[in-house]
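Student: Could you slot chain B onto chain A? The hints should help.
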Amino acid sequence: MLTKRIIPCLDVKDNRVVKGVNFLNLRDAGDPVELGKRYSDMGADELVFLDITATIRSRKTIVELVEKVAKNVFIPFTVGGGIQSVEQMDELLRSGAEKVSVNTAAVNNPEILREGARKFGNQCIVLAIDARRSKNTPGKWQVCIKAGSEPTDIDVVQWAVKAEHLGAGEILLTSMDADGTKTGYDNQLNKAVSSAVNIPVIASGGAGNCDHLYDAIVDGGAEAVLMASITHFGNYTINQMKEYLSAKGIPVNL
Amino acid sequence: MIVIIDYDVGNVKSVSNAFSHLGCENQLSSDPEVIREASGLVLPGVAAFGYAINALGGLSEVVKSVALAGKPLLGICVGYQMLFEKSFEYGEFDGLGLIKGQVIGLPADKTVPHMGWNLVKLPADMDLLKGLGSKKHFYFAHSFYADVKDPEAKVAYTEYGFDLPASVQKDNIYGCQFHPEKSGSAGLKVLQNFVEICKKENCDVD
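For the record, the sequence lines run as chains A and B.
Residue numbering for the first sequence follows our numbering, starting at 1 and increasing by one per position.
Residue numbering for the second sequence follows our numbering, starting at 1 and increasing by one per position.
Chain A extracted, bound-state conformation (with noise of 0.2 Å):
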């Protein structure tokens, strides 16, 4: 049987993971490829690098930084942060990344996903959406772009639909309201993402206890958990994951 995902994700600065609260106040967590290998010797089933300042400055970075994990790490991860075209999303794949997440470029030109999808296959197209619950209407959320800096009107589970139709493989969902909190994964967002496309649904934002990935994956119908708080600062092992998943009956590879 396929076994949830665990997946650690290292948004990277200046080539130092950072982590922060509702997208803000970053905090250091240290050398991405370090923690990167060490989450892959603690048994994490995939990795997610975002390169959170994506300048043209740090491109160069987070090349360099996936060619030194791809010698380190012999577990998929995913790469995404800025990336504008389909040469860049090559050069990536190239470098030792198994699967490349665009967000604000699949906004401005959708076309690129159907573009990525001919020629790597859907299986490597990751749309990340930064999800904000609407205020004016409940029970939507709108899709922000620029690093969650910029509201769109565009709703969040209608342009889920139509990036599957266009060739992404696989959405990253992350909730802004609940990104740092530790407060749990919006599962409404989940549940209403996940039962409208087939691909795979990552569930990030909000991550503090081991009951909320089991929620994500039962209420919110995940087929895998994204967090970083609660394993870059200590609060859980990956290994202490999957054996309170395992125990409740969630398949995992343990």
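If you are wondering where the hints come from, they were derived from the structure by calculation, not from laboratory data.
Cβ atoms here follow ideal geometry from the backbone N, Cα and C, with glycine treated the same way.
Some hints here could point you the wrong way.
Stretch-level coverage of chain A by chain B, calculated; a stretch enters the list once three of its residues show a Cβ under 8 Å from a Cβ in chain B [what the hints assert, rightly or not]:
no.: 1; segment: 2-12
no.: 2; segment: 87-95
no.: 3; segment: 117-128
If we take Cβ atoms under 8 Å as the criterion, some of the chain A residues that face chain B in the derived model are [what the hints assert, rightly or not]:
no.: 4; residue: D45
no.: 5; residue: A70
no.: 6; residue: K71
no.: 7; residue: I75
no.: 8; residue: E98
no.: 9; residue: P151
no.: 10; residue: D155
no.: 11; residue: E170
no.: 12; residue: N198
no.: 13; residue: I199
no.: 14; residue: A224
no.: 15; residue: N253
Tutor: Coordinates of chain B only, in the frame set by chain A:
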């Protein structure tokens, strides 16, 4: 020397990194001479089938003739799918036809792509999967799969609503739908097994 066929697809570097990590000499190449001289060949592939088979171009005949002459060949993911006769991913494309079967879409009643770690049952008589016990988790990421129709092929399966072929072996031709280069220590063991197969094969020839 193991040669990883370098033909403009995604994961060639990852495969090379994994062999290097094992201390195995390896080379990325698209030179037919180098390919003919190899002790074993790896055909990697992170790409859509049509893109990959076109990118392989004239090398496909070289790979085919070398494999038919008995040199160990390991196909990974789309490289594995290309070992078969035909694929229907975004169109209809001919594969290398080394193993009988077609590459078709996964049934839509499950989440597609089949993405993540799935448990593979390991038959005792498949050299590539030796030393790993009776079952292990490996990392998969694909939307199409090979419907193996070759009576001469040994097949290891995983379960995804049906028995999904995860690895095949037909004489000197080996393939994995999963990514051994991304499947942690179990995956590295599979690559180590391939290294051993190549060593043995070349000693026998000498």
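Student: Confirm or reject each hint.
Tutor: Results for each hint:
1. Against chain B, the segment 2-12 of chain A contributes 4 residues with a C-beta closer than 8 Å to a partner C-beta. That satisfies the three-residue criterion, and the hint holds.
2. Only residues whose C-beta sits within less than 8 Å of a C-beta in chain B count toward coverage, and the segment 87-95 of chain A has 4 of them, enough to reach three; the restraint holds.
3. Counting residues of the segment 117-128 of chain A whose C-beta sits closer than 8 Å to any C-beta of chain B gives 8, which meets the bar of three, so the coverage hint holds.
4. Interface hint at A/D45: satisfied, since its Cβ lies 6 Å from the closest Cβ of chain B, which is below the 8 Å cut-off.
5. The interface hint given for A/A70 holds, since its Cβ lies 5 Å from the closest Cβ of chain B, which is under the 8 Å cut-off.
6. Contact between A/K71 and chain B, as hinted, is supported at the beta carbon level, the nearest pair being about 5 Å apart and thus within 8 Å.
7. Evaluation of the A/I75 hint against chain B yields a held restraint, the C-beta minimum of about 5 Å falling below 8 Å.
8. Here the hint on A/E98 is kept, as its CB sits about 6 Å from the closest CB of chain B, short of 8 Å.
9. For A/P151, the shortest C-beta to C-beta distance to chain B is roughly 29 Å, which exceeds 8 Å, and the interface hint is violated.
10. For A/D155, the shortest C-beta to C-beta distance to chain B is roughly 22 Å, which exceeds 8 Å, and the interface hint is violated.
11. Checking A/E170 against chain B: minimum C-beta separation of about 6 Å stays under 8 Å; hint holds.
12. Checking A/N198 against chain B: minimum C-beta separation of about 6 Å stays under 8 Å; hint holds.
13. The restraint placing A/I199 at the interface with chain B holds, with a minimum CB-CB distance near 7 Å, inside the 8 Å limit.
14. Here the hint on A/A224 is kept, as its CB sits about 7 Å from the closest CB of chain B, short of 8 Å.
15. Hint status for A/N253 relative to chain B: holds, with the closest Cβ pair at about 4 Å, below 8 Å.
When the structure is compared with the earlier hints, violations turn up for hints 9, 10 and for no others.
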